[in-house]
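K.L.:
Put chain B on the given structure of chain A with help from the hints.
Sequence lines, in order, name chains A and B. Going by numbering that gives the first Met the number 0, 191 is the number at position 192 of the first sequence; the sequence numbering is gapless. Going by numbering that gives the first Met the number 0, 216 is the number at position 217 of the second sequence; the sequence numbering is gapless.
Hints in this document: simulated from the structure, not taken from any laboratory. Just so you know, not all the hints are guaranteed correct.
Stated by the list, open to error - In silico BS3-like pairs for lysine-lysine, Cα to Cα no more than 25 Å straight-line:
(1) A:Lys333 <-> A:Lys92
(2) A:Lys95 <-> A:Lys299
(3) A:Lys333 <-> A:Lys57
(4) B:Lys122 <-> A:Lys205
(5) A:Lys42 <-> A:Lys205
(6) B:Lys16 <-> A:Lys42
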Amino acid sequence: MEKLILRRVGNTGEEMLLNFGPQHPSTHGVINFLVDTDGEVMKRAVPDVGYLHRSLEKIGEITGYPGFMPYTDRIDYVAAMFANEGYAIAVEKLIKVEVPPRAQWLRAISCELCRIASHLVSTGTMATDIGASTPLVHALRERERVNDLIEALCGARLTYNYHRIGGVAFDMPAGWRDKVLAFLDHFDTMLVEFDRLLSFNSIYVKRLANVAVITKEQAVDYGLVGPNLRGSGMDWDVRRDVPYGAYPNFKFEVPVGRGSRGTVGDTFDRYYVRVLEMKQSSQIVRQALDSIPDGEFMAKVPRKIKPEAGEAFSRVESARGEMAYYVVSDGTDKAYRVRARTGSYMAMGIIEDISPGLMVADLVALIASLDVVAPEIDR
Amino acid sequence: MPVNTPPVPYQPKSTPKVIVAVTLAAAVGIPALLLGLILLLTPILQPATIDAALAAAGLEGHRTAAYVGALAVLALLMVNFGAIFSGVISWYERRIAGRMQSRIGPNRAGFAGFFVWIADAVKLLLKEDLVPAEADSVLFRAAPYFVLVGFALTFVVLPFGHSLVVADLNVGIFYVTSVTALVVVGILISGWSSNSKWALFGGMRSAAQVISYEIPAGVAIFIPVAMAGTLSMQGIIRAQGGLPWEWFVFRNPAAFIAFFILFTSQLAEANRTPFDLPEAESELVAGYLSEYSGFRFALFFLAEWGNIWVLSAVATTLFLGGWQIPFVSAEYVDGLRGSGILPAAAWWGWNAVSMVVFVLKAIVLSNVVVWLRWTLPRIRVDQMMALCWKYLVPGAFACFVFTLFWELAVGVAPGVEVVTGVGLTVFATVLALLFFRRVRLNIQAVQGDKFDLSNW
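Isolated chain A (complex conformation):
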């Protein structure tokens, strides 16, 4: 592997080959970049992934269908709710179960709260990577409040295991609705402060604007998804364009990168799309809480799930973009194949092409702006 990468980097001896990771504060043990540098300017950065591979997809073939649900949390532990949801929808398609409306709403609420939590981590760590440590702590403080809410909902703060095949594990606890609304009231004002502290700080904007521009075509070619794709000006959101769950019932905008501070598709666009998405998520949660229907939160699902032979495909808009599950059943109680398509792995692919000519400091900004989460790369 090392030799292969070295050959691809094509070190001529004039440049310095830098192992950017895995033991590095920005890659914290889970990613490695082989960076070919000429002083501060990079010739090329080659990502070397696989440090966090846990063969989760293979585990999906060994455990039964319901048993894989807790493992999906580990596919993306920063936004575990989406991985839950995607898998649940895929299996529901296999066994042809209709999810009750209340469960659909609860899924949407939990997912949008989770999106807020995930984007807070993303924008906060981005600030740290750019050198400002205070916004991260402020973001994490707000994320703790989201975690408190989700903990009240499902008992877990990180790996939720909340969604079930056919519904969700628990109904809303008493008084939870008011707590969420109180949090959202606070959070909306907090986002304004976050913008003042960080987003429009001129040093921050200068660090991000016009850096590592990904054009619309490139973004599509490389299969970027979610905020990375929208940051490049592509107006595509699975929640709106391939609606699933309760989303057709909500009104929300899909923020798209407009190059407000530089070029469309630069690092700032990708960053700011996330900030705007947090505002939209807050709106969605409000709408969902207002319109949540009564009724069951779990469909009648047999204890032992044994779908007919066949395959199912589901796609959900995760915090990191479109997340797809492809589940193949051979008629037994264990899946023949479980495949998860995640955004981060695709995002890693584009780094090699974008990196030439960037500075070492920009590489950090690029990685942060792609919101790469290591478990999602390797699964």
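P.N.:
Relative to chain A, chain B alone:
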């Protein structure tokens, strides 16, 4: 349905009264002791006083020994002041950072965690002094001393009060810029000798940064020098006055700009945010510090935090009126000294007041440095260079040329200076008030947030 039991509110245990008393005693006592010794010893251990005392005692033959002894005492005193200031500000900075980041910060050792700097120092002293196998061990070991010496030597000319300075060199401010250049040497050596790519990156960045920013800093320093007509630190302060409109920063529009140019450049020279590129954690691991551990690491950080005092003191001296006491002229205090070997009591009193004025100004500036670090992101290396060469250097030169003509104009009509002084003072006050208003609005804008100093 899960049962939602509200968590039992955490009841913090109150700190035992003994610990509070010991901490407060140390927090007041240590600075008071150091500043008191500086107040007492610096005027006494001067050549003139020593000579007079030796002559009175009939010991003229022992002049060399007396001088060496005096120098040793003063050196020990000043290095200790620098070290302890850097220790205390490391605690202070972490407490401030804690407040800014909605957390508590160090709170274990002593009341409010005041003794954390002692604990840290002891910890670092006890750690293994690791030298990487492939490192150039001689240079690697030597590098921290260059940094420390470059920092400690500045205390020779840094004033603390009316007559409180180790040596009032006639090239004072020039001397400061010269000896601080030693810090770059140390950083370059450490970057090279660590034999680590990150350290090399950090060392190169630091060298480029510090050397570049010496130029706008140097040119900005010309301006108070031109206004005062002397390079001596005490001379520059004596050319100013105690009231804000008598400070250089407000007496001349160019000096007002030059103050910010100097302050920015000094931040860059001290490797403070937003210019902390040499040790940018998210990019370079720890830059030139990557391979250091234990005592040598502590020396680097001692110099880094101590430099906050140096830069605040230099900025205070050059632009903010130094130790000048409002409504009391330096000449009046001179006159109180009397003719004896030891000065009169009133003289000591005014010196103490001038010291308080100076230390307060320097601490306010240090505070700003700390605020900036926890607010701003870091700029990129090319932006850092562009800021220096495209904006600060031409700006500083323009300010300097303007100052030359300004001085001519002031020579013709001295009233200009007073009018500008009052005007700029009002302007700066308005700016400060707007700043505080903005802070208040920011806090009010977020629902549920409020000033909370309960666990300080």
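K.L.:
If a hint holds in the structure, say so; if it doesn't, say that too.
P.N.:
A quick look at each hint next to the structure:
1. Taken as a hint, the Lys333 of chain A and Lys92 of chain A pair is honoured in the structure, with Cα atoms around 15 Å apart against an allowance of 25 Å.
2. Only pairs whose Cα atoms come within 25 Å are accepted, and Lys95 of chain A paired with Lys299 of chain A is accepted, the gap being roughly 11 Å.
3. The straight-line distance between the Cα atoms of Lys333 of chain A and Lys57 of chain A is roughly 11 Å, inside the 25 Å bound, and the hint therefore holds.
4. For the hint pairing Lys122 of chain B with Lys205 of chain A, the CA-to-CA distance comes to about 40 Å; that exceeds 25 Å, so the pair is violated.
5. Between Lys42 of chain A and Lys205 of chain A, the direct Cα distance comes to roughly 22 Å. Compliance with the 25 Å bound is thereby established for this hinted pair.
6. Annotation: proposed proximity of Lys16 of chain B to Lys42 of chain A is violated, straight-line Cα distance about 61 Å (limit 25 Å).
Checked against the numbered hints above, the structure violates hints 4 and 6; every other hint is satisfied.
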